[in-house]
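Residue numbers (my numbering), protein chains in the order written: chain A, 1 to 568; chain B, 1001 to 1315.
Hints listed in this document are in silico derivations from the structure and should not be mistaken for laboratory results.
There's no promise every hint is true.
The calculated lysine-lysine pairs, modelled on DSBU-like cross-linking and capped at a C-alpha distance of 35 Å, are [to be verified]:
no.: 1; chain 1: A; residue 1: Lys53; chain 2: B; residue 2: Lys1253
no.: 2; chain 1: A; residue 1: Lys158; chain 2: B; residue 2: Lys1225
no.: 3; chain 1: A; residue 1: Lys190; chain 2: A; residue 2: Lys267
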Amino acid sequence: MANFFTDNPELKFHLTHPLMEKIVALKERNFTDKDKFDYAPMDFEDAMDSYEKVLEIVGEICGDIVAPNAESVDQEGPKIVDNEVIYAKGTQENLDALVKAGLMGITLPRKYEGLNFPIVPYIMAADIVSRADAGFVNIWGLQDCAETINEFASEEQKQKYLPRISNGETAAMDLTEPDAGSDLQAVQLKATYNEEDGKWYLNGVKRFITNGDGHVSLVLARSEEGTTDGRGLSMFIYDRNEKAVIVRRIENKMGIKGSPTCELVFKNAPAELVGSRKMGLIKYVMALMNGARLGIGAQSVGVSESAYREALQYAKEREQFGKPIIQFPAVYEMLSLMKAKLDASRTLLYETSRMVDVYKTYMHISEERKLEPEERKELKRYQKMADFFTPLLKGMSSEYSNQLAYDSLQIHGGSGFMKDYPIERIYRDARITSIYEGTTQLQVVAAIRGVTTGGYVDRIREYEAMELKPELHGYRRILIGMTEEYVHAVKTVTSVKDLEYVDFHARRLVEMAGHIVMGYLLLLDTQRDDSFKTSTEIYINYGKAENQSRAEFIHSFNLDQLGLYKHV
Amino acid sequence: MGLKIIVLAKQVPDTRNVGKDAMKADGTVNRAALPAIFNPEDLNALEQALRLKDRYPGSEVTILTMGPGRAADIIREGLYRGADNGYLLTDRAFAGSDTLATSYAISCAIKKISDYDIIIAGRQAIDGDTAQVGPQVAEKLGLPQVTYAEEIVSVTEGIVAEDDKYGVPHAILADEVSLNIKGSLVIKRRLERGVETVGTTFPCVLTVNASAPDCRPRNAKKVQKYKHAKTVTEIQDQSEDYMDLTADRPYLKIEEWSVNDIETDINWLGLSGSPTKVKKIENVVFQAKEAKKISSDESELEELIVELIENHTIG
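Here chain A stands alone, though its shape is the one from the complex (with noise of 0.2 Å):
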């Protein structure tokens, strides 16, 4: 009878962002489908209390249902039976409570029979799913695909599929390949073109495809014979009705062991193309990424929340001589860090996941009509928001689950150890998220444009800027001056003006922004509620003295220095 929406007042405060108001308005053009569909909103409190009302549903069947099937489904894990995937018990059960609950197509537009919701709630739920098993959001979080099938395929491939999507049909995105892992240029998995009978024809090898048995597939194949980067990659849906791709294997992973990652073998498999030749990659494939960017924040955010809950309880409940160990000042420090640690990387997930909401709302109106130019420019400025932020929030919330799986597991000692508690398996679920859809060290790569180009700073100083209560402009200047700090750092670097000094110190100078933004939106959700004062104050704290060690290794380095770390 655990409901994980509810007892987490923090989803409210964060569903509840002033921003949401323009938000609502934008996705909802006005609140004109409510004239034409029963569920639709008839204004903005109406639809914030949608949101609320279906995030409610969420949290039932997540506490109800998906957080006791966890275990079981850990055990289980899914299987291979005539060339189909078969899922866990548990899994099945979860699948089937979250569809019949109506809650497939969350983002996608009524007129495909989804819920038309902006991407706010359905991260939240994403959240809240990922704290109940982290293994199952990939499977229902594949909804994401949907949304690029809904931005860039003809309206006839959308009516065809989305419908589906939103009544329960899951999906998968096929990107990897044995030799394209990390580098996807590499994609060898070939498109052919049928002259007689108009159709493509794909062939070749995918792995690590997660869900890679589902319903309706992305895949990203060559479809221009002889090239050999991403400009000869296209981008097609797979329907598995057509029964032309085999399912080799089932990997045996550390941890999501819930979720299928699947090695497939396509053998003439007919597929339809989505939008432009050449565009797979190039454009496709990063608004996928984007996306599921976002997705890998939320269940790294909710794998967090799960990891320090379970430290809190043990650590009430557990006594060593002669009282519980939460009031050892070694065990107190590591949760008050993991609580500060996992409200900074919630608030960076909704802040960003803002940011998507707005630009990619204005890129569907620009579809059904021409954007004045005040609101062209807003697009543009948080699509370039968005575009800083997304990597930002992926590199850094799936770090910090891992330190709060760590540290969880820490704070239960042996026991931890043991199969005996959840957080073992929280431990090994944690560990993906810094590696899948790009790991840390590719999102540093996409980040640190941000901090080269000024986006971080920019973006600081109108955090900056921002109204605060008296009481809170002290902790505003301890940010100003990590921001001197982290701007004089940034400089020392670029001035070498060597490249490859830039990416050696590339993980330092985006880390330093990242503590100073989530340093920011921390202290502005303080001003919005008190109960965050806390995790602000210690949050900077410790942000600050993270700056501080990099700035030191930073100025006290030069371009010689970076010979030594080619030995090994």
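The hints should help you fit chain B onto chain A, whose structure is shown.
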């Protein structure tokens, strides 16, 4: 075949996770300290009704509940999960009803609804745990009843055969006593020592066990569609905009019946219609009173066994 199904549901205090303040000093339930919920086994009953609706498109599921104004929540909960409409039976005249008065009032309301095939209720409510209302409703309506139902195996429309396999010559019987028989059901009952498969004619009353499948979750679209559904009393406090909305969307009106809306004998209602008298209520506090140590000695063990048999602890 479109079935008309009435689900009897009750709003109850959540007695499953009770804290220290769950009972008042006088031994009655402190309703303020316990959240009001959909009685769990009534949700199992609703699921059975919804499964029939899935199986036989065109079926209609109606929720009937009796209680104070806030029990309209139960009807909304039902609508969110797939019910089509609901009736709230609410009046001071019903206050203080025991199971007899409750089942009388409910049976009168069902008579007013008049067009129904199957009535499904939860086995019992978690506040009183009597399991009496379902069977009493069946008696008052002169309907067959199947208790402890876990699964409705089959539904057959019409009168099956004169000498049907359950030993009830439906057609003859129906003719003789001018019974209204619309068809027959095969039902699995969960009993203490196993499962029993029985047949019954319908209209009938079924009461469903917690061992039956859990109710499906609330549906996101239905929640958004029906969250504005209100009873007449609730509508009174709403703005004019809301009145306009209900005019456009008649499905947002939840029927509310007072004692004047149904045909009853007032003596059978509420406190006066309730023969149950509460003699005494005790707070039971579990605590170990006396401990007894028994060695593994044969004779001492035998003594214990005899003692336990005598005081009916075992045997």
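Hints versus structure:
{"no.": "1", "hint": "A:Lys53 - B:Lys1253", "verdict": "20 Å, holds"}
{"no.": "2", "hint": "A:Lys158 - B:Lys1225", "verdict": "25 Å, holds"}
{"no.": "3", "hint": "A:Lys190 - A:Lys267", "verdict": "10 Å, holds"}
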